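*Asks:* Take the sequences, apply the hints, and build the full model.
The listed protein sequences correspond, in order, to chains A, B, C, D, E, F, G and H. The opening position of the first sequence corresponds to residue 1 in this note's numbering, with each subsequent residue numbered one higher. The opening position of the second sequence corresponds to residue 1 in this note's numbering, with each subsequent residue numbered one higher. The opening position of the third sequence corresponds to residue 1 in this note's numbering, with each subsequent residue numbered one higher. The opening position of the fourth sequence corresponds to residue 1 in this note's numbering, with each subsequent residue numbered one higher. The opening position of the fifth sequence corresponds to residue 1 in this note's numbering, with each subsequent residue numbered one higher. The opening position of the sixth sequence corresponds to residue 1 in this note's numbering, with each subsequent residue numbered one higher. The opening position of the seventh sequence corresponds to residue 1 in this note's numbering, with each subsequent residue numbered one higher. The opening position of the eighth sequence corresponds to residue 1 in this note's numbering, with each subsequent residue numbered one higher.
The set of hints was computed from the structure by calculation and includes no laboratory data. Note that the structure is a prediction, hence the values are computed from the model and not measured. For glycine and all other residues, C-beta sits at the position ideal for the given N, C-alpha and C. Don't take each hint at face value.
[What the hints assert, rightly or not] Non-contacting residues of chain H with respect to chain F, defined by C-beta distances greater than 12 Å in every case (computed):
1. 13
2. 16
3. 19
4. 20
5. 36
6. 46
7. 48
8. 61
9. 76
10. 111
11. 129
[To be verified] Selected chain G positions facing chain F (Cβ under 7 Å, derived; list incomplete):
12. 117
13. 142
14. 145
15. 179
16. 185
Here is what each chain is made of, one letter per residue.
There are 8 protein chains.
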Amino acid sequence: MDWEREARAGVAEAVLCAGKSDAQIERIVTLAEAMGHRLLLTRLEPARWEGLDAALRDRFDYDAMSRTAVLGGLRPQVKSAVGILAAGTSDMPVALEAQRTLAFHGHNATVIADVGVAGLWRLVERREELAGFRVVIAVAGMEGALFSVVAGLVSAPVIAVPTSAAGYGVAEGGVAALNAALASCAPGVVVVNIDNGYGAAAAALKMIQPAR
Amino acid sequence: MDWEREARAGVAEAVLCAGKSDAQIERIVTLAEAMGHRLLLTRLEPARWEGLDAALRDRFDYDAMSRTAVLGGLRPQVKSAVGILAAGTSDMPVALEAQRTLAFHGHNATVIADVGVAGLWRLVERREELAGFRVVIAVAGMEGALFSVVAGLVSAPVIAVPTSAAGYGVAEGGVAALNAALASCAPGVVVVNIDNGYGAAAAALKMIQPAR
Amino acid sequence: MDWEREARAGVAEAVLCAGKSDAQIERIVTLAEAMGHRLLLTRLEPARWEGLDAALRDRFDYDAMSRTAVLGGLRPQVKSAVGILAAGTSDMPVALEAQRTLAFHGHNATVIADVGVAGLWRLVERREELAGFRVVIAVAGMEGALFSVVAGLVSAPVIAVPTSAAGYGVAEGGVAALNAALASCAPGVVVVNIDNGYGAAAAALKMIQPAR
Amino acid sequence: MDWEREARAGVAEAVLCAGKSDAQIERIVTLAEAMGHRLLLTRLEPARWEGLDAALRDRFDYDAMSRTAVLGGLRPQVKSAVGILAAGTSDMPVALEAQRTLAFHGHNATVIADVGVAGLWRLVERREELAGFRVVIAVAGMEGALFSVVAGLVSAPVIAVPTSAAGYGVAEGGVAALNAALASCAPGVVVVNIDNGYGAAAAALKMIQPAR
Amino acid sequence: MDWEREARAGVAEAVLCAGKSDAQIERIVTLAEAMGHRLLLTRLEPARWEGLDAALRDRFDYDAMSRTAVLGGLRPQVKSAVGILAAGTSDMPVALEAQRTLAFHGHNATVIADVGVAGLWRLVERREELAGFRVVIAVAGMEGALFSVVAGLVSAPVIAVPTSAAGYGVAEGGVAALNAALASCAPGVVVVNIDNGYGAAAAALKMIQPAR
Amino acid sequence: MDWEREARAGVAEAVLCAGKSDAQIERIVTLAEAMGHRLLLTRLEPARWEGLDAALRDRFDYDAMSRTAVLGGLRPQVKSAVGILAAGTSDMPVALEAQRTLAFHGHNATVIADVGVAGLWRLVERREELAGFRVVIAVAGMEGALFSVVAGLVSAPVIAVPTSAAGYGVAEGGVAALNAALASCAPGVVVVNIDNGYGAAAAALKMIQPAR
Amino acid sequence: MDWEREARAGVAEAVLCAGKSDAQIERIVTLAEAMGHRLLLTRLEPARWEGLDAALRDRFDYDAMSRTAVLGGLRPQVKSAVGILAAGTSDMPVALEAQRTLAFHGHNATVIADVGVAGLWRLVERREELAGFRVVIAVAGMEGALFSVVAGLVSAPVIAVPTSAAGYGVAEGGVAALNAALASCAPGVVVVNIDNGYGAAAAALKMIQPAR
Amino acid sequence: MDWEREARAGVAEAVLCAGKSDAQIERIVTLAEAMGHRLLLTRLEPARWEGLDAALRDRFDYDAMSRTAVLGGLRPQVKSAVGILAAGTSDMPVALEAQRTLAFHGHNATVIADVGVAGLWRLVERREELAGFRVVIAVAGMEGALFSVVAGLVSAPVIAVPTSAAGYGVAEGGVAALNAALASCAPGVVVVNIDNGYGAAAAALKMIQPAR
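*Replies:* Below, the structure is given as C-alpha cells:
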C-alpha cells in the first residue's frame, strides 16, 4: 500500500477487494492498523464480507449496497460541492461507492436518484440545484443518454460513470454506456471506467481541492 | 429486381448502388425503363453520379445531399404522418434519404433539423408538433442520446437511425449510436442499421399503411 | 417509477428485475400497491421468485417460462392485430414475455411456434394467417434467418427480437442474430435489443394504437 | 509456389495478388512459364491489371468481374456436380471467382443468380435443379439468410461464402454474414472466409473428387 | 421436431439441450417415443443428465464425455470413410460428439487423438492412415494450427471444428482457433461453429452420401 | 449552432468539420459573421482548407498542425493553470488542438513535448513544473502508459487524451491507449474520446472556471 | 504427453488442468509415475485440488497461490538470471506460476512485488538490482503501464505477462493490459498470453540456456 | 529522440515515419546529422520517400521492400545467431524490416523465405539449419500456424511477428495471426505487435547481447 498517497496526491489509495484473496486483504488490514492508518475497501461483496473474521468486521463500518468498508472512521463531514446523479435503481451501488469515497475524505455529497432521461422532466425540474455543484458525477447504464443531457444543462464538468448492472444484450457489461459517454456531443464530459465510482470520486476530489 | 414488391408489400425495392458496378446499375435502369417501372437509387455518391452516362442522368431526379436518384418521377405528395428528426448537420444526408424514400412513395414528410440533446430546449420547444406524428424517425450519430430523449417525449413509435458521419474514436462507424439505440431505457424505440435512412422510411411506410 | 407513462405514452413502465436487489423490488411493489397501480415485473428468474416473500407472491400472477409477474390482474383481453413468431423451442421464453406484456395491456396475441427456416414450409403454409397481422414480432436466435424470410412474406412491419438462449460459439449472447436482423436484405425489419420481448411488445402497442 | 499441389492434393495453388507487389507477381509468372505450369491469379483488381506489362497480359485470360487471370488456358470442361448460388448483384464477383476456379480445374459449374431470401419463391421454384447438385456453394452478404434456407432445401453439403461488397453498418466487411453462416440452424452448412470464392471452389473440388 | 429431415436430407435433426428446459426436453422425448422415432440429444451435461427422470434415462444410451444421449439404439455400424483428429486432451469431448453423431447414422469413424502440432511427428507418422479418409474432421482449440497442417498433408476436404475448452486469454471461447481455421493458408479447409462436433459430422455425412 | 453555449456553459461550441460538407461549413461561417460571433473550426484538414474559398480563408487564423481555424481573433491571453503533455511527435496535432481551444477562450497553456515513458527521466526532471498545474492534459497514443505515470506524479486531475496517429496493429485507431487510460491504476485519471483535444480543453476550462 | 520435450527443447511440457477432467488428469499422473517422469501441473484451482484423491495429493508439492503442483520434486536450485516483477497484489498468482515453473527446471528466480507505476519511485529505487537480470518477466494487469516503464529502465529483454485478476470494465479479462504490452513504445518488450506465467518462464528458460 | 538509448539499452531508437509529417521527419534528420548520429527510419513508404528532398535522400541507404532508410551507414557485419523465417511472399517486407534493423546494429541475419505450413516439408527439410539459431524470428500472416510449428521444431525462443498484408475477411489487419501466436500450444513463443519487424529485431538483439 502507498500510505503516503493521500498526503501527496489528495486522495487515499483504496483496497480493491475483487481479485485479492481473503488472506491478502487481512494482511493489508493488519498492516494498516499496526501503522495507525485509516483504510477504504471497495468491491467487497456482502457474501464475502460475511465470510471474513468477525473480530475484523467489528472494526469496520460496512455498507452492503455500495460494497464498501471503512476502517478507522469517517472524517468530519463538510457539505460538498460535488453532486451525484443516478439514472436508475440499478445505478445506486455505484453512486453510493462514489458517495462513500467522498465521505471517507470528509465530503458530504448529495445523491439525486432516478433521473433517467426517459422521464426528462425529473431532471429539468432540479436544474437550479444542479447549478450549485462545482463538479457533477453522473452514473448511468444501458444507453447512457444521461451524460449528454446533464452536460447540456450545467456549466460544471461532468464525470460520467457507466454502469453494468442493468445492461443485457448489447448493453451487457456497460460498454454501450461507456461509449456513449466518450462519444458525447456535449463538451465537458470526462469518463472513468465502467462501475468505477471510487475513481469518479477521486477525480472529483482532485478537481475541487484548493490550489496549492 | 423484385418489381412486384411494392404491390405485394407496400414498399418498392431500391437499388443500393454501393457494392454494384456501373455496368450493373445501368443494366437495371435499362430493364426498369423497358418494363415501365419507376426506380429509386440509393447510396449513389456525387462523384459516381457525375461519371455516369449523361443521357441516363437526364432521365433522373438526383439529389446530392441524400445521394438518391429517382427515375420516373415522384408520386403526388400527401402530408405524411411521419416526422423525421436530425440531431446535427452531419445527420442530414441520412435524414434526407429517408425523406426522399417517403416522397418516392407519395408521402411529404417534415424534417426537423438540429435538435441534438446538448441543446435540449430546442427539442422540448417543439413538443406539440412532435405529438402530431404517428411515427417518428430519429436520426443521430455520436452517442445517440436523442433516441431515448425523443421516445420519452412522444407516444408514437420511434425508429432510430444511427449515423456514422460525425463519429470518430469510439463513435467511428456509428456503432456507439447503434448500441445506444438498442440499449435505450425508453420503451418504444426500434432500430435499423447504421445510416439506413431507406430502411427507416420503408418500416415507417409499413406502420402507417391502412389495414388491408 | 414513472406511474404516468401508460397514460402519457400508451405503454406502462415495467420493472426489470435483473440488476435490482430483492429489497429494491419489494419497495417498488409496496409503493405500487399503496398507490393502487398495476405492475409488470420482467426478468424475474424462477429461483429468485421462489425466494421472495410468500405473502407478496400471493398477490401476483407469475409465469415461470416468460419470467414475468403481474400485480393487479390483466385487463379484459381483445384479439390483437399483433402476431408473434418463434423460431425454436429456446425462443419461447422471449416470445412469451412479449405475449404477456401485450396481455398486460389488454391484447390477446397469437404465438406461432417452431417456424425456423430450416423447415421453411412450416412458415410458408401459414402465409394466410400471417397476412392478417398488422404487426409481426419475430423471435429467433442462432443465425436469425427468420427475420428476413418473414419480412419477405408479409406486408406488415416486422419487429425482430434476437435471442441468446440457444447460441454458442459465434452465436453466443445473441449477437449473430442481432446483426442478421440489422443487416436484413428485406425492407421493413426493425430491431430491438437481444431477448427484449418486453420492448418488442411496447413498440407493437405504439404501432397499433389508434391515432390520437 | 508449390507446383506439385494439384497432383498431390487435387487443387492447384493460386496466386493471391492482394498483398503482393507487381514485381513479386511478375517473378512468379516468369517462373511458371519457364517451368511450363498453368497458373491462376486471384484478387487482381482491374486497375492493377491495366498497369501490368502488356506483353505479360497478352498471355493471360483475364476476367474483370471475378478479378481472376488464367495463364496457360483452361482445361476441357465437363459438366460439374457443383452448383453456385448468388443472393444478389453484389455477390456476383465472388460467385464468379468460384466458377472460374472450378473452370481452371476442368469443371463447368452453373451459377444461379439473384436468389436472395427476400424473394423466397425465386429459390423455391428452382428446387428440382438444386436437387441435382452434389455440392452447393452459396454466396451471400448482408445478413446471410440464404445459407440456412438453402441448407433446408437440399441434401447436399452447402459451402457458405459470406461476402463484404454490399454490407454497411453492422454488415460492413461481411462479418454479419459470416457469423450467420457459422451459427446456422440447418445442419450441413460449412463455411469459408469472407469473399473466399477460390477457397469454396477448392473445397468443392475435394468433395467431388473420385475416391483414390 | 422435423422428423422427416433424415429421409429428406440424409441427416437427422438432433436436440440441442443447452437452452431448453427439462420440461421441453421431456416433451420432445415423449413425442419421439410415441411416434417411434430414434433421437439424438447433444450438449446434455452430466449434472443435468443425473437430474432427469430415472425411467427416462433407462431408455437412453448416454455418454458423459461427449454429453450425448441416444434413444432407440444405434444403427448397424459400417467402417466410415470419415477420420476424426483431435489435437489435445481437451478436444476429446467435441471429437466424440462428432463420432457419436456418425455412429447414430451407422458410421463407425476412427478418432486419432493427441496429434497437436507442437509434436508434429505424431501427425506425420500417420500420414498413410490419413490418406485413406475421404473426409477429415479436425478438432482443435488454442491457436488451431492443426487445421492448416492437416490440410497440407491430405487431399480430402478438412472440416475444422474449433474448440473452446482449453482456451484462456485471447483463446477464450475458441475464437482464436475459429479465425485460424477461416484464415487458413491451405485450400480445402471448411469450418463449422466453435465446439460444433454435431455439425461437422452432419456435413461429413452429406459429403460421403452416395449420389442420388 | 448553439451561440449561447459559451455564456451559459463557459465553453463555446466548435464546428467539427469532419462529417460536414463544404457547403454546410460555409453556411455556418456566413451565419456566424452575420451575427458577429467568433468561431472555432476543428478537424479541418490542410488539403480541405486549401480547397475553401480564398476570401473566406483570409478572415481565419488557420493552423495546419492542429487542423484548427479561428474566426474573429483570439481573446487576450492569460497564463493558464492547465498544462499539456505530449508523449511523442505524433501526438502533437492533438496536443495543439487542445492548446488552440484554450487560446480561443483566452488561456495561454504550456505544451511539454516528448515526455513518453520509454525515457522516464524526461518526465521526472520536470516534476516541479508539473506541480504548478491545476489540471494536466496528457496526450499519448500506442500503449498510453503516460497517463498512469503522470497521475502518479501530480496531485492535479489528469485528463487523458488517447491518440490514433502512431498506432498500428493492436494500437490502430487509438483503442489500446483509450483502454489503458480507462483502466489506469492511478486514481484521478479521467478520459475523453480518441484524438479529442477539443473535448479535453473544454473539460479543463470547466474545471478551472471560478465558482459562480 | 510429450515426455521428450525437455531433453529436446529445454522446457518440459506442463499439464494445463483447466479444460481437462479429473479422470484425464489422473490418467496422465499415473502414466508419468509408471514411466518415472517428473510432472508440473498448472491452473489447478484449490477447490479442485481438494477434491482429488488424497493418496495422489500426497505425492505432490502443491502451492495454492500459484495453483501449481509438482510431482517428483524440484531440481537443485541455482540462482537465476531471470527477475520477475509484479505490479500489484492481484498479479502475484501469475508471478508465482512463473517462479514455480523456473524452480521446476532448477532456477531460483527473485520476485519483486508491488512495483506498479502509480508509485514510480518503488521501481526506480531498485534500478541497480534490475540491471543484474538477463531476462525480466513483468507481470501486470489493468492498464499494463509497467511493461513500458520497465523496458525503458533495463537493457534486458522484457517478457510481458498481462493479467486478468484485478481488471473490470474495459480491463476485464486482461485485454487492455495485453494490448498495452503489444503496443508498447519501448523496444525490447515481447508478450505472452494473458495470465500465462508458465509460458513466460518457458520462454525465459530458452533465452538463458547456454548455446548448444 | 533518445540518442543515448543504444549505449544504455543495446538498441537504437528508430524513427517510425507513419504518423509523422514530412517536416517532423526532416527536423529529426537534420538534428541527427548535426549531432553526428546514425539513424534508422522505418515505415517510410516508397511514394513518400520519392517525395522527400533529393539532397536528403542522397545521404540515405533506402530499401523499398522493407520501407527502411539508414543514415550514416551500416556497421561492419558479423554473422548473426538470429534466424528469420517468412511464411509467404507477402511477409517479406516485415521480415526484411527485421533483417535491416539487425544489419543497422551490425548483425548479418539469414532470411529463410516461403516456409508456410501448407508445404510442411520445406520447413522440416531445413531443420538442421534451424537448430543453429539462438533466436528465431518467425513472420507470418493469415492463420499464423507457422509460429507453433516452428516452436515445436527448435529449442531456441521464437519471436512471432504476425503480419497484415495478405489477410482479408477474418484475417484482415493481422489479428487472426496475432491471436494464434498468443494462443500457441508450443511453449517458448513470444509475440510482438502486428507487422512490427523492428520490434522483433530489437528484442532479438537484447536476447543475444553478451552478459554485462
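*Asks:* Now tell me if each hint is right for this structure.
*Replies:* Comparing the hints with the structure gives:
The claim that residue 13(H) is not at the interface with chain F is violated, since a C-beta of that chain comes within 12 Å of its own (minimum 8 Å). The Cβ of residue 16(H) sits about 6 Å from the closest Cβ of chain F, inside the 12 Å cut-off, so the non-interface label is violated. Under the 12 Å C-beta cut-off, the non-interface status given to residue 19(H) relative to chain F is violated; the minimum distance is some 4 Å. For residue 20(H), the non-interface assignment is contradicted: its Cβ lies about 5 Å from the closest Cβ of chain F, within the 12 Å cut-off.
Against the 12 Å criterion, residue 36(H) stays outside the reach of chain F, whose nearest CB is about 20 Å from its own CB. No beta-carbon of chain F comes within 12 Å of the beta-carbon of residue 46(H); the shortest separation is about 18 Å. Consistency note on residue 48(H): stated as away from chain F, and its beta-carbon is indeed over 12 Å from all of that chain's, at 15 Å minimum. Its beta-carbon lying about 23 Å from the closest one in chain F, residue 61(H) satisfies the requirement of being farther than 12 Å from that chain.
In this structure residue 76(H) is separated from chain F by more than 12 Å, as the shortest Cβ-Cβ distance comes to about 28 Å. For residue 111(H), the non-interface assignment is confirmed: its Cβ lies about 21 Å from the closest Cβ of chain F, beyond the 12 Å cut-off. Residue-level check passed: residue 129(H) sits 29 Å from the nearest beta carbon of chain F, beyond 12 Å. Here the hint on residue 117(G) is kept, as its CB sits about 5 Å from the closest CB of chain F, short of 7 Å.
Among the interface hints, the one on residue 142(G) holds; its C-beta lies about 5 Å from the nearest C-beta in chain F, closer than the 7 Å criterion. Contact between residue 145(G) and chain F, as hinted, is supported at the beta carbon level, the nearest pair being about 4 Å apart and thus within 7 Å. Residue-level restraint check for residue 179(G) holds (minimum Cβ-Cβ distance to chain F is 4 Å; threshold 7 Å). Restraint check, residue 185(G) versus chain F: the minimum CB separation of about 5 Å is within 7 Å; hint holds.
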